[in-house]
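Asker: Between the sequences and the hints, there should be enough to build the whole structure, so can you do that?
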Amino acid sequence: MPLFHIRSLATLDISSNNIEGEISASGVANLTRLVSLDMRENRFNGSIPSQLFRLRYLSYLDLSSNLFSGVLSTDVGYLQNLEVLNLDDNFLTGNIPAEIGNLTNLQRLSLHQNEFSGEIPDSVLNVRELRYLDLSSNSLSSDIPAEIGSLTNISTLSLSKNILTGEIPVSIRKLVKLETLQLDNNRLSGEIPLWLLDINGLKNLNLGRNNLSWNNSEKLSPKCMLSQLSLKSCHVAGPIPYWLSNQTSLNFLDISENNITGTFPLWLAELDLGTIILSDNKLTGPLPPRLFQSLDLSVVALSRNNFSGGLPENIGDANEIMILMLANNNFSGPIPKSISNIYRLLLLDLSRNHFSGNKFPNFSPESMLAYIDVSSNKLSGAVPVNFGVTTSILSLGQNEFTGPLPQNLSKLSIVEHLDLHNNRITGEIPNYLFQIPTLQVLNLRNNSLEGLIPNDDRLSNFTSLRILDLSNNNLSGKIPRNFGNLKGMIETPKTLSVTVDMFTFSIEFSDLILNWKMSIQGVSSKNLGIYSFLDLSRNKLSDEIPTTLGGLKGLKLLNISRNNLHGRIPSSFGGLESLESLDLSYNNLSGEIPKSLGQLQEIGILDVSNNKLVGPIPKGSQMERMNNPDYFANNSGLCGMQIQVPCDITSQPPELSPGAKDYTGSKETWFVWEGAGIGYVVGIFIAVLATYISGYHGIAPKRKQQHNFRRR
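Using this note's numbering, the first residue of the sequence shown is number 206, and each one after it goes up by one.
A portion of the hints provided could be inaccurate.
Each pair of labels, with its calculated beta carbon distance range [as the list claims (entries may be wrong)]:
(1) 467 x 227: 18 to 28 angstroms
(2) 371 x 310: 28 to 38 angstroms
(3) 696 x 403: 54 to 64 angstroms
(4) 519 x 570: 19 to 29 angstroms
Result set (EDC-like, lysine to aspartate or glutamate): computed pairs, CA atoms no more than 16 angstroms apart in a straight line [stated by the list, open to error]:
(5) 817 x 749
(6) 824 x 797
(7) 758 x 835
(8) 817 x 835
(9) 817 x 748
(10) 683 x 749
(11) 408 x 384
(12) 683 x 633
(13) 542 x 518
(14) 379 x 352
(15) 683 x 782
(16) 564 x 525
(17) 424 x 403
(18) 616 x 571
(19) 564 x 605
(20) 379 x 403
(21) 745 x 605
(22) 683 x 655
(23) 692 x 782
(24) 564 x 518
(25) 428 x 384
(26) 382 x 396
(27) 817 x 797
(28) 542 x 522
(29) 824 x 807
(30) 428 x 396
To be clear, the hints were calculated from the coordinates, so they are not data collected in a lab.
Note that beta-carbon positions come from the ideal geometry of N, C-alpha and C, so glycine has one too.
Answerer: Following this line, the structure appears as structure tokens:
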């Protein structure tokens with residue numbers, strides 16, 4: 206890099222340029238007058254050259270958001286004039302070097318989101334000028350240094366998302382300048398010390414997801430005035446702590462995953478919070494209309510409680526709400542029409558309640574609503590279609606919607622997930638559904654659809670579909686040969702994504718999306734979010750199974766049971782290399798089970814029962830583990846160890862010659878789709894969304910696209 210030859214250079218800022226490669230050690234050594242170096246948000250890789258730590262005039266060093274790896278050199282201790290060191294968001298490993306303690310002028314140290322391990326070095330306590338210390342999102346272990354309170358200038362201390370143990374050190378009470386304390390997502394234990402609330406300047410306190418407990422019986426008069434508080438999963442019991450009523454500056458409150466009882470107090474609604482997260486508790490009663498008079502309300506997450514009654518009619522007055530999550534309660538009555546007035550609403554989850562009525566709110570085409578889940582209610586009437594064009598996830602399953610699929614659904618031009626299972630939908634499947642290029646998941650299970658499955662050449666442009674469930678309908682005709690061109694089922698499936706705004710998060714949806722569950726056994730549940738499956742079972746499909754299905758190498762599950770299919774099992778099924786479950790039961794299939802099924806390495810369930818199959822059950826390591834004879838029952842003449850029927854060697858066809866292929870793949874897992882309750886990891890871009898999902902009060906800036914492949 207030519208800039209490295211300018212020996213008199215004092216300031217170098219090459220941030221956010223997507224520069225790749227390693228830093229030249231010899232080039233860095235030339236910059237002997239350098240005072241400030243900013244190389245953040247690029248693609249630099251390799252180790253950080255130790256020569257960089259010999260630049261004695263350096264006071265500012267930012268290498269964050271790159272791909273640096275390896276250990277951090279002990280030579281970092283030579284930067285005696287350094288005031289800011291930011292190595293966030295890299296792949297640095299090993300221990301934090303004790304030589305960090307030599308940087309006595311350091312005011313800001315940020316090592317967030319790396320792979321550091323070991324203990325927090327006690328030498329850090331020598332850096333008495335520190336004002337900002339962020340070691341979060343690493344693998345640091347052991348106790349927090351007992352004398353952490355000696356860093357009396359610190360205003361921000363973030364140690365969250367590590368493996369830290371022990372109790373919260375008493376010395377923290379000496380940090381009189383402390384404004385932000387983040388210790389969440391560790392293994393800290395003991396009772397939360399109430400003296401934390403006596404630190405006058407404390408504004409942000411996050412202790413969630415530890416083994417800590419909160420004594421809710423104490424009467425408190427905090428000296429601090431909090432802006433953000435998270436006591437998520439801190440064993441808080443009883444009513445919502447009344448001392449919060451005096452926290453008039455509170456903007457963010459997360460006390461989810463506790464054992465809180467009682468009703469939603471009026472005084473809490475009068476605090477005019479921006480974010481309120483009370484999910485996973487035992488709260489009851491109606492919501493006070495006063496809650497929706499707040500002009501600052503942006504996130505309301507009350508899922509998995511026992512709230513009841515109708516939603517307040519004035520809910521639409523809170524038009525700054527971006528996230529509204531009320532799933533798994535006992536709300537009833539119609540969904541208020543005014544909810545469509547919330548023009549900033551991005552995510553709406555009303556699933557698993559008792560909402561009813563046949564007039565669904567009409568959202569404007571300009572609506573920002575990207576995610577809608579109203580599944581598992583008692584909504585009726587025609588399938589609603591008045592949603593914004595930005596809708597990516599629409600889950601209407603398990604209701605009482607009737608009539609045909611409306612043409613206006615075709616306006617959802619970027620929808621990725623469409624779930625209408627378990628309704629009373631009639632008519633034929635419209636062609637336009639198979640022409641939405643972004644559609645990844647289509648679930649029409651258990652309706653009264655009839656006619657043919659659309660089959661035209663445009664299916665080859667249907668590149669994203671990876672989950673298709675048309676089971677339990679009255680569909681007839683052939684299985685389309687063009688299904689073999691569904692690229693989403695050929696390639697390794699990609700995680701469902703929703704693009705809304707400038708921030709990206711990886712979210713485990715426990716109550717948000719479609720969510721299927723296994724009702725018997727089969728497909729492993731390690732990561733259902735990247736599964737690909739095709740379920741056409743329980744219809745009236747006829748003719749032979751198209752051989753083209755054997756090209757769907759990404760399929761994990763193929764279920765075409767309980768139809769009127771005949772002919773042989775295609776030998777091409779041996780190409781279903783990812784298949785874990787194949788169900789061909791209750792058809793009129795004949796001939797032998799192709800031997801190549803025994804070569805499938807992922808197959809766990811093969812159900813060919815109730816057909817007209819003959820000959821030996823294929824051999825193979827996976828096949829020999831299938832010891833349930835029901836999978837092979839009621840055929841014409843199968844034999845094999847699985848059903849304890851010996852095969853007549855003289856009647857068996859010859860073995861395949863070396864190199865010959867006779868493909869057949871199978872495995873079965875029966876899924877029951879439900880309108881909600883998934884647990885699947887989804888990449889979703891939504892500003893502010895992180896506040897609820899991660900239980901963390903801040904919104905982290907977007908990871909650059911270059912880092913999307915990272916492990917986090």
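Asker: Output the indices of the hints that this structure fails to meet, ascending.
Answerer: Structure breaks hints 1, 7, 15, 16, 21, 26, 30.
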